[in-house]
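Model the full structure from these sequences, guided by the hints.
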Amino acid sequence: MTENVESAVRTICQAYGYDRTRMMDIVRAVQEKLGCVSGPAMEAIARATGTHRVDVESVVSFYAFFTERPKGKVVIRLCNDVIDRMQGADAVAQAFCDELGVRPGETTPDGAFTFEYTPCIGMCDQAPAALVNDVPVTSLSSDAARRIVRSLRADPDPRKLVSRLGDGNNAHPLVQSMVLNHIRKTGPVVLAEFVSGEALQKALAMTPAEVIRDMKTARLRGRGGAGFPTGIKWEFCRAAPGEKKFVICNADEGEPGTFKDRVILTERADLLFEGMTIAGYAIGAQAGILYLRGEYAYLRAYLEDVLNRRRSAGLLGRDILGKAGFHFDIRIQMGAGAYVCGEETALISSCEGLRGDPKNRPPFPAQKGYLGFPTVVNNVETFCCVSRIAEKGAGWFAQLGSKGSPGTKLLSISGDCRRPGVYEVPFGIPLKEFLEMAGAEDAAAVQVGGPSGQMIGPKDFGRTICYDDLATGGAIAVFGPGRDVLQIAQQYMEFFIEESCGYCTPCRVGNILLKERLERINCGKGLPTDLDYLQELGETVKAASRCGLGQTSPNPILTTLKNFRAAYEAKVRPDADGLMPSFDMRAAVAQAELIAGRASVHMEY
Amino acid sequence: MSQAFTFTIDGVEVRARPGQTILEAAEEAGVYIPRLCHMKGLIPYGSCRVCTVLVNGRPQAACTQPAAPGAVVESEVPRVREIRRSIIEMLFVEGNHFCMFCEKSGNCELQAMAYRLGITAPKYPYMFPKRDVDASHPEVLVDRNRCILCARCIRASRDVDGKNVFQFVGRGAHKRVGIDAPSNLGETKLEAADKAVAACPVGALLRKRVGYVVPVGRRLYDREPIGSDVAKGDGRTGKGG
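Chains H and S, in that order, give the protein sequences.
Residue numbering for the first sequence follows this note's numbering, beginning at 1 and increasing consecutively.
Residue numbering for the second sequence follows this note's numbering, beginning at 1 and increasing consecutively.
The hints are simulated quantities; they were obtained by calculation from the structure and are not laboratory data.
From the three backbone atoms N, C-alpha and C, an ideal C-beta is built for every residue, glycine too.
A portion of the hints provided could be inaccurate.
[Said to hold, decoys possible] Which stretches of chain H does chain S cover? Using the computed rule of at least three CB atoms under 8 Å from a CB of chain S, they are:
#1 55-62
#2 168-182
#3 502-509
#4 512-519
Okay, here's the thing in structure tokens:
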């Protein structure tokens, strides 16, 4: 048995050149082969790659999709995002648990099934949804859950669960998924038709400096949410000394409520890869990495095929499109269930085969990124814009959208709306107009930019979606009049607690404390002074945290405190009797009563 | 090679060389910036955030942020002090810290920092986590109840001792210091004299049988507040174990 582990691990490590910077791939492959990454497997990996057992354990224990102990042959991961729960995920979970005879997180005694929760899997427009191993199953109900389990008992191949294929490339032989694109509105930049090679041809006719100049003239800014000017980032990277340079595409779309990259990856992969290639040309890189979130593993074979087709067509590889000396290729790096890896330096750590801990800045990735080399990291949608700018010109792009925010934006909308899905809209569109487009006229609260963004109420619906007003990476979650914004905020805090890497104190501890106090308020045991406590603690976590995760994680509380203060005030009550409502006398003395064998004399209180 | 420059901390002009962090430059100038995860001789890590300062109004960790010409750094101002107090209190409630019967008391940097910042009791509720103790090693005890996840043992073992005995495992609230062995510390190459052991600022890594060689009341921080060495310019920062 141990010898089997040793030889299986060696074979896998050999395939990756015994390179410990490929630890993510090695661990994933070992788990696929052996069912888990046990202690002996970790030791074998450490021996083969010349590292330490604890360094391997460090990686395995960081990512939600890796496991040290065996799980079921079929792992059902039900998305427990706010939107999924609004649409019945709790009942679906109950059905899975009843049918399997387990509680969440448990494996059936026969080792056939594990049922667990997972945060947003990028399917909020067809919630509730789950991943059965790599296979997404969407629009679930309790009945569907029971049917799924019965079907898997008869045939454990999750691909057999897909009886009806989705639209577009979801039906492609290499995808074969029931996922629907839900493209509700196309636009001129990302979702318009695209012929591979045209943009690249035009870019290669220019000098790299001219390509960068065009990105600056187009005033392209990052589409992931932070909005950093793309041309300036590229210029830094091009100027940075380094014998190699890298282009990384951040396809770790993990912000709850965001699923627009899923649609781009499914329908516009060529546009994306072409943008990465243009970036490679502009900064002088020979290699690119697509960091694909583990939840989108079902798209991997298709994307590899697109890459192969591009290689055959001379769009990747050596002397691309006949341009002597321009060599560039792209590999896919799979993630493994860690929201923090959407932070660009954490993403680089992960690509390097490490825990997804963000890095200290400076140095910035453009100076010292992947393996210490200058690296450009851009969002999926940003690379699509790059291709289109190269194809249609900087002037054409700059006149789209609004003055400070040229171009279009892909928005993913879900929740209490009649037409959830993906919309390509010009920047500068008033939120109200967009809500009407999506059939969300009676929205009572809208989460713009996901939980790391802001929760706003109707008085702000007249504001516009752009970098200078309502900035968003693409998530718009709609909550109707009946929803409890404080419960929603609490669920989002649970998400951040789960996803904090734990590196810095304020994020690791502060988010737990924030949630504890909000939960107390939600239970009706909050004091009016708790609102100041939340405000101060939230501001401390924002100010003192090390990366973007902690700097935005208090937003569900801080923005609801600001925009839905009445909801808080309705739940807290002053301590008229001078006692803390959160102190439960009965519970506090319960154990002593048990020992004494009689009721406490205080119990008449 | 490059020119030295100046910046200010709380209005006082401080000289710095290119590449120095704010904390290092401050230290040389005899200005103490509170810190826990930072230790001289180890690669700056920036995890505890106690050394948070405002740089031109923006919060930054002084231990990792490079000093910049003309920067305006604020350290002993109410907003920053409040952030530091909050972080120290978070560390107290996150673990199980019982100073009154911890043999590190008086030499503990967490305890000393709480005294320096005037904390009498945390405003946050205790979490009372269940954490384990590993007494398998003949000379060293690991008590994770008192661990503040500063990574000093990890960095010291890897970069100074060259052993890699420790590394973080798990994430978020489940993050803890793991050891390079199948089950316990006794199986590792750790020795009592390793820098990793001395690097622990709290009572999480303790040498056995020497806990009370110096009696309580006559220990490092019993005599003077943490940071006094920096203000006096003798640079003994991080001497805690």
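Return the numbers of the hints above that this structure violates; sort them in rising order.
-> When the structure is compared with the hints, only number 2 turns out to be violated.
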